[in-house]
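Those sequence lines, one after another, are chains A and B.
Taking this note's numbering, the leading residue of the first sequence gets 1, the next gets one more, and so forth.
Taking this note's numbering, the leading residue of the second sequence gets 535, the next gets one more, and so forth.
Everything labelled a hint here was simulated from the structure, so no lab data went into it.
Each hint can be trusted.
Below, a sample of chain A positions facing chain B; criterion: calculated Cβ distance under 8 Å:
no.: 1; residue: R318
no.: 2; residue: R437
no.: 3; residue: L528
C-beta atoms are modelled at their ideal positions from N, C-alpha and C, and glycine is treated no differently.
Here is what each chain is made of, one letter per residue.
Protein chains: 2
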Amino acid sequence: MTAVEVDGRIVIVDTGLMFPTADMLGIDLVLPDFSILRERADRIEAIVLTHGHEDHVGALPYVLREIGIPPVIYGGLLTIGMVRSKLDEHKLRDVPLQELPAGERVTAGPFGIELVHMSHSIPDARAVALYTDHGTVLITGDYKFDQTPVDGIPADVSRLAELGRDGVLCLCGDSTNADRPGVAPSESSVGPALLEVFRRCEGRIIVTSFASNVHRVQQAIDAAAKLDRRVALVGRSMRKNFNIASNLGIASAPQGLFIQPKEVEDFPDEKVVVISTGSQGEPLSALRRMAHRDHPDVELHSGDTVIFSATPIPGNERSVNETIDHIFQIGAQVVTAADAPIHASGHGWQEELKLMLNLTKPQNVFPFHGDHKRLRLHADLAAAVGIDRERIFIGENGLTLELDGSKARWGEDVHASMIFVDGVSVGEPDEFALRDRRKLSDDGVFIVVTTISADDGSQVADPEVIFRGVPFVEEADGLREELRDVVSATLAEAAEDQVRDVALIQEDLHDDIAEFVYEKLRRRPLVLPVVVEV
Amino acid sequence: MTAVEVDGRIVIVDTGLMFPTADMLGIDLVLPDFSILRERADRIEAIVLTHGHEDHVGALPYVLREIGIPPVIYGGLLTIGMVRSKLDEHKLRDVPLQELPAGERVTAGPFGIELVHMSHSIPDARAVALYTDHGTVLITGDYKFDQTPVDGIPADVSRLAELGRDGVLCLCGDSTNADRPGVAPSESSVGPALLEVFRRCEGRIIVTSFASNVHRVQQAIDAAAKLDRRVALVGRSMRKNFNIASNLGIASAPQGLFIQPKEVEDFPDEKVVVISTGSQGEPLSALRRMAHRDHPDVELHSGDTVIFSATPIPGNERSVNETIDHIFQIGAQVVTAADAPIHASGHGWQEELKLMLNLTKPQNVFPFHGDHKRLRLHADLAAAVGIDRERIFIGENGLTLELDGSKARWGEDVHASMIFVDGVSVGEPDEFALRDRRKLSDDGVFIVVTTISADDGSQVADPEVIFRGVPFVEEADGLREELRDVVSATLAEAAEDQVRDVALIQEDLHDDIAEFVYEKLRRRPLVLPVVVEV
Chain A
1 MTAVEVDGRI VIVDTGLMFP TADMLGIDLV LPDFSILRER ADRIEAIVLT HGHEDHVGAL
61 PYVLREIGIP PVIYGGLLTI GMVRSKLDEH KLRDVPLQEL PAGERVTAGP FGIELVHMSH
121 SIPDARAVAL YTDHGTVLIT GDYKFDQTPV DGIPADVSRL AELGRDGVLC LCGDSTNADR
181 PGVAPSESSV GPALLEVFRR CEGRIIVTSF ASNVHRVQQA IDAAAKLDRR VALVGRSMRK
241 NFNIASNLGI ASAPQGLFIQ PKEVEDFPDE KVVVISTGSQ GEPLSALRRM AHRDHPDVEL
301 HSGDTVIFSA TPIPGNERSV NETIDHIFQI GAQVVTAADA PIHASGHGWQ EELKLMLNLT
361 KPQNVFPFHG DHKRLRLHAD LAAAVGIDRE RIFIGENGLT LELDGSKARW GEDVHASMIF
421 VDGVSVGEPD EFALRDRRKL SDDGVFIVVT TISADDGSQV ADPEVIFRGV PFVEEADGLR
481 EELRDVVSAT LAEAAEDQVR DVALIQEDLH DDIAEFVYEK LRRRPLVLPV VVEV
Chain B
535 MTAVEVDGRI VIVDTGLMFP TADMLGIDLV LPDFSILRER ADRIEAIVLT HGHEDHVGAL
595 PYVLREIGIP PVIYGGLLTI GMVRSKLDEH KLRDVPLQEL PAGERVTAGP FGIELVHMSH
655 SIPDARAVAL YTDHGTVLIT GDYKFDQTPV DGIPADVSRL AELGRDGVLC LCGDSTNADR
715 PGVAPSESSV GPALLEVFRR CEGRIIVTSF ASNVHRVQQA IDAAAKLDRR VALVGRSMRK
775 NFNIASNLGI ASAPQGLFIQ PKEVEDFPDE KVVVISTGSQ GEPLSALRRM AHRDHPDVEL
835 HSGDTVIFSA TPIPGNERSV NETIDHIFQI GAQVVTAADA PIHASGHGWQ EELKLMLNLT
895 KPQNVFPFHG DHKRLRLHAD LAAAVGIDRE RIFIGENGLT LELDGSKARW GEDVHASMIF
955 VDGVSVGEPD EFALRDRRKL SDDGVFIVVT TISADDGSQV ADPEVIFRGV PFVEEADGLR
1015 EELRDVVSAT LAEAAEDQVR DVALIQEDLH DDIAEFVYEK LRRRPLVLPV VVEV
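Please model the entire structure based on the sequences and the hints provided.
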């Protein structure tokens, strides 16, 4: 999510989300912290979306709900189609979504806005040129320079060169593959490789990829058709995205090629290709369920070949490997991008990043979309093509960059970090809840309920001891007994000292119980003493 | 852990442990389930250890404590040294640890035992030949055929060939790298590559590797000495393992080369090499703490170069990548095995596995030590060198293989799976505790304490409502109020229906509260109602 402000007016480019990392226990989604925009909602002229991936559009429903509906939302044809479907699911209707054809310039307050056609692993990816009185800001979105894209329309290098000739004040550039020397393989190199692998398969073929990679899915469909195999699209997002793309004329399949997932078992193995979600080993995805023999329609068996036309996103290696190993255990074959050139990244490699820099000749460079390593390597590439180190800015989330026609400098830090989505709640990272969950997930919880007399603080009933998630003590009646003794002793002492403040008694109980439990179990569960006065 | 039984007598080869995967919340270690050996403890003739890695010796203290001390424990020199130190830490003394030199044959009941020298990523790795009346069982341990190992003693191919000539009944072979074509690079190729990288570093050097890879640490020390840099060993296991190896004459350093970790900052950057634990991004390791600016002795800064002389073990990719990115954020340089040939695997690749099969010409092959994928690929290699598919057995943990001179077949399934170590407790996987922890880690816990009269079931005190780890409701007094109403209604209904069984009332409360909480929060925390009768 990038916000560009000129004369108090704002254009937002992309509103993506992040999937939670392993330490964010129980968190469903992570959004950018857009609270700074809340008090400036009436200054927003437009939201511009570069492409339809979740990390660029996924936060949009939350942004619209929290900040309000902006005058207009621009994007490419498929982007708008996918976002419309997403907003429908969130029951957000009457949102001013508008396709902005590449090369067409519109005005929004003090901004001119133009989209520039780029290649990526989803159709209709665009760079965004924002024209202002101070100069042009170019935000690349995610891109590669695919010279032979599947749709036949390469990235618009001519327009980028014109922008460069006319002067670019600041280039905000995708850094994802800043560590890979050379040029990314073309998406259209994947089709023949898939066909080649398909040809060698004697049994059923299951191919998995990102559902949003419409051109990849199209190439798998084409390969299946060439070999006279029927195709089943399996997984909700696979079917949904293909439908949207197909309705927009971006994807197609011969009449009668498709079969329903539940028909898969009715056709001979050598006549079927299943195209499935789950290339990242996602817990509830179709492929993962197949690998765990838990899919309602497709039962994997020996003779099947599962083709991963994707590589694991960093962090997903373990779930992908687990999925692959389950497939091996069933006895099916697995083909990955390590075995055949059946995947091509959607992000340009070093030579492409340098080409972008040389085409647009920016006065200032702002590498973004990458971890610290890749941001630094992108900065090194900019320096390598001759851009002054003082004109290269590696930012942090929330740090503003101030630009005018002559110079750039770091501005205010608006402290934008992350917002967590946790069930239906949306809010700042709740450090206490997360810390408690971490403790709970490690060592469980110990609850001791004591009932004391409001008159003299004496025990009225036996303490109740409850533990959950604490290991191997379920049958430990002895421990429970001893713990009751600890509680009685603490309460007796409190009564003797005439401590009558329930909070103080709870504190004493907490410390004594925690110490006892640690001594016995060498564990530090969450200890919750409850004192009931009657 | 492999147990070989002949005429009711048993030899155990290796007693390793596993580190818990992400879904084993709060579990510290995973042991093989050796309960079947408990009732047969008096039949155990010996434990033989192939090498000193945790996944081969780590369960030994638990095995000795649970099953008892066997008549003898054999292993190579360093293996015995490392195990002795480990048992000392567990206060297990007077254990009959005995170095068995390679090539020397001893007798243990109906077994002849001989160790065969192999190469691996730790010195003194051995294969185990067990001679029995039915034939010879050869267990490779972890191995590679390094033709130029650092200690100058290659794997004993001649002895393996002799064993093959005399007849091997069954080969149990390491499958770790069954998916990699060719031959693993030699460990001694790493030293020159490290020196080359060191030479290019102008500032401080921090190199990280496995502490047990003594030859790797030695090569880093030698490179530092050549460049006239002082060396600090940082991290407990790094110091411990080097000390053990050094006392046994397996590692050495020039007098005066070492400095203490706390002296690092006293020397000029270009005069220091830090050799550190943490190559896997382990949470409490020295390197991870440096990357988080939290190490007491070494503060990373721009100009430092951190060299990863190791690759991530599958599953550790994320923590390694996070560590690397933190180092980039600090501004230091990072060199990994992707940038220079500074790592060599300790497990042989496909050509080495085939060489082992051709040398030993086994009647039966039992691929082990690998996931399902690699076991199957190892089986394919065995078939490729001409072994009958019916003589190749891919097992599961707990499944026994019965062999006699003429044939082999699957025997009884003794259901050995895993044992969890959780704090000081050791036991069967506690599915209830783990399930609770998963729930707790996702959605937290909701506790409602009610106090009712033992006479008529009426409420005596206001219900106490406590929640921990539940998101974003910390200030939700309204919710607490509403919940009290829910509780009162449930109790009133119970009193009206004359329900006096506390367990039944708790069940009612649980269902009503869980429904209410889900409706409000769309979350399913663990709900614990407590009813106190006074």
